[in-house]
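Visitor: In case you want the letters, here they are:
There are 2 protein chains.
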Amino acid sequence: MNKLLIVGTVAYDAIESPFGKTDKILGGAATYIGLSASFFKVQSAIVSVIGEDFEQEHIDLLKSRNIDLTGLETVKGGKTFFWSGRYHNDLNSRDTLVTELNVLADFNPIVPEHFKDADVVMLGNLHPIVQSGVLDQMTVKPKLVVLDTMNFWMDCALPELLDVMKRVDVITINDEEARQLSGEYSLVKAAAKIHTMGPQYVVIKKGEHGALLFNNKQVFFAPALPLEDVFDPTGAGDTFAGGFAGYIAQSENVSFENMKNGIIYGSNMASFCVEKFGTERMASLRKEEVLERLQQFRALTQFDIALEEEE
Amino acid sequence: MNKLLIVGTVAYDAIESPFGKTDKILGGAATYIGLSASFFKVQSAIVSVIGEDFEQEHIDLLKSRNIDLTGLETVKGGKTFFWSGRYHNDLNSRDTLVTELNVLADFNPIVPEHFKDADVVMLGNLHPIVQSGVLDQMTVKPKLVVLDTMNFWMDCALPELLDVMKRVDVITINDEEARQLSGEYSLVKAAAKIHTMGPQYVVIKKGEHGALLFNNKQVFFAPALPLEDVFDPTGAGDTFAGGFAGYIAQSENVSFENMKNGIIYGSNMASFCVEKFGTERMASLRKEEVLERLQQFRALTQFDIALEEEE
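Protein chains in written order, with UniProt numbering: chain A, 1 to 311; chain B, 1 to 311.
You may find that some hints are simply not true.
Claimed, not checked - Chain B is faced by these chain A residues, among others (derived, beta-carbon under 10 Å): (1) F220; (2) D229; (3) V254; (4) E257; (5) F297.
Honestly, the hints are just simulated from the structure, not real lab data. A virtual CB, placed ideally from N, CA and C, is assigned to each residue, including glycine.
Go ahead and model the full structure; you've got the sequences and the hints to work with.
Guide: Given below as structure tokens:
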């Protein structure tokens with residue numbers, strides 16, 4: 001089985017949305033990526049940091065998905081990274097209410113020996129220096145390195161972000177971040193500019209409006225599944241990235257054609273994530289549901305215009 | 001050849017966008033619909049009204065596309081409907097600067113005798129009473145009636161709009177209008193509610209984010225083609241509707257499967273419309289370009305996830 005190395009936050013979140021409010025619940029980029037990737041035949045590991053307050057049931061959840069936690073450091077007397085946010089009525093924007101870095105402030109990632117030859121590395125949203133630090137430890141060049149980041153690092157650590165971007169194959173960012181990073185409003189132009197910064201493949205996530213995959217002049221689009229209700233978008237982007245990275249790691253194929261499938265699977269997984277608060281839906285999800293939804297994605301997007309009609 | 005009857009405005013527009021400004025240029029829903037539908041093998045006719053100021057070159061343009069203008073009334077001494085608007089920087093919203101109804105104020109549509117048996121009727125955006133008045137004149141029940149409308153009529157003529165909605169098969173509206181009409185934020189729920197108002201098929205246009213086609217539990221999505229530059233979105237929705245109606249009229253097939261192709265063609269045509277100001281791009285467009293772009297839509301959306309990977 002291929003190895004997928006996941007780096008990112010493991011956190012507690014408190015979320016308010018028009019549909020309700022949660023106390024501290026399990027969250028974090030690496031958590032969502034790991035849960036999502038666990039639906040594929042991969043051997044995955046999380047490199048992250050938690051405090052002593054991190055609950056055993058959440059460790060157990062990740063372990064039950066066969067995620068290697070050797071690289072999950074517990075800081076004695078420390079507190080787990082905490083984020084709290086409130087979504088606006090349209091769920092497309094949110095205010096951050098609280099960010100407590102806690103143990104994340106001094107995080108020094110250690111890649112376990114047996115994952116230094118991982119086939120795919122998924123660098124979840126974190127300080128770009130931490131992301132680079134993980135790549136430094138790889139003893140075998142990965143077949144694919146995927147980077148997720150956010151506007152915060154563009155504001156506060158742009159040189160470091162540009163450094164790590166030169167070392168990755170795929171970047172996944174949202175539309176507003178792509179515009180900020182490139183200075184281009186058109187996403188086609190934005191992707192072209194981001195290519196020149198390093199990544200050969202640029203994935204632009206547009207939330208409820210789907211995701212675009214660019215590779216030079218080639219472009220592919222995966223829609224979001226139209227849903228009756230979206231309860232909580234938290235983690236949807238990470239779940240998307242986890243589905244993408246998990247599928248690519250499983251299929252051992254880093255062609256553009258196969259990446260198309262990867263972003264379809266990413267959208268597929270993300271469509272579940274938003275159905276309940278936090279990781280709740282991902283924790284209860286079964287593989288059969290994923291395959292059933294793949295058929296829905298087919299029905300949603302596949303058409304057949306006969307050739308003779310084109311003449 | 002099948003007959004397509006088009007009702008809507010024929011107008012002059014003055015447009016300001018971040019990319020420039022136009023004097024009075026040709027516009028109007030029926031104009032865009034007619035130009036778009038002319039790329040399909042259909043015999044189409046426009047029912048509309050113009051003033052004496054309407055220029056011969058614009059009559060000639062429509063005639064050159066084999067559009068029957070018997071139903072295009074010229075009001076002696078009258079002035080053509082005029083609209084002026086300014087787009088915001090993101091091109092997703094606009095302010096109306098001027099609306100001069102002129103000859104449209106007293107428009108009484110007369111369907112030409114030889115189009116009272118049209119196969120497809122495309123009711124472009126107009127007062128719902130005018131739209132109903134056109135349906136009243138049909139002597140043979142059309143195979144398909146498509147209705148386009150806008151928020152203005154929901155505000156000012158809702159009972160009349162609800163009346164005409166009961167008489168149509170397909171409604172095309174944008175996302176905000178679907179939300180307003182249904183009172184539902186979720187587009188899935190909005191479409192379900194709009195179904196109960198009459199139309200069996202609901203097409204929700206999301207501009208640069210594509211279009212959704214709903215038929216009860218079935219849903220299909222056509223993305224917008226990612227473009228380097230969008231110059232002017234004016235007429236894109238009408239061009240979409242014209243591509244849809246033109247394709248359906250040509251193919252004589254009103255199944256859901258074929259309507260999928262219809263909205264792909266709608267998106268295809270609209271992707272050209274926005275490339276230049278007003279009708280400029282549609283006037284210079286060649287059929288080969290449409291077919292070439294169909295391949296781009298295929299590449300953009302079609303994927304092939306092998307069955308064995310699903311097990």
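Visitor: Taking the hints in turn, state whether each one holds.
Guide: Taking the hints in turn, this is what the structure says about them:
1. Evaluation of the A/F220 hint against chain B yields a held restraint, the C-beta minimum of about 6 Å falling below 10 Å.
2. Hint on A/D229 holds. Least Cβ distance to chain B is approximately 6 Å, under the 10 Å limit.
3. With its C-beta approaching chain B no nearer than about 15 Å, A/V254 sits outside the 10 Å limit, and its interface hint is violated.
4. Given the 10 Å rule on beta carbons, the hint for A/E257 holds: about 8 Å separates it from the nearest Cβ of chain B.
5. A hinted interface residue such as A/F297 counts as satisfied when its beta carbon comes closer than 10 Å to some beta carbon of chain B; here the least separation is about 9 Å, so the hint holds.
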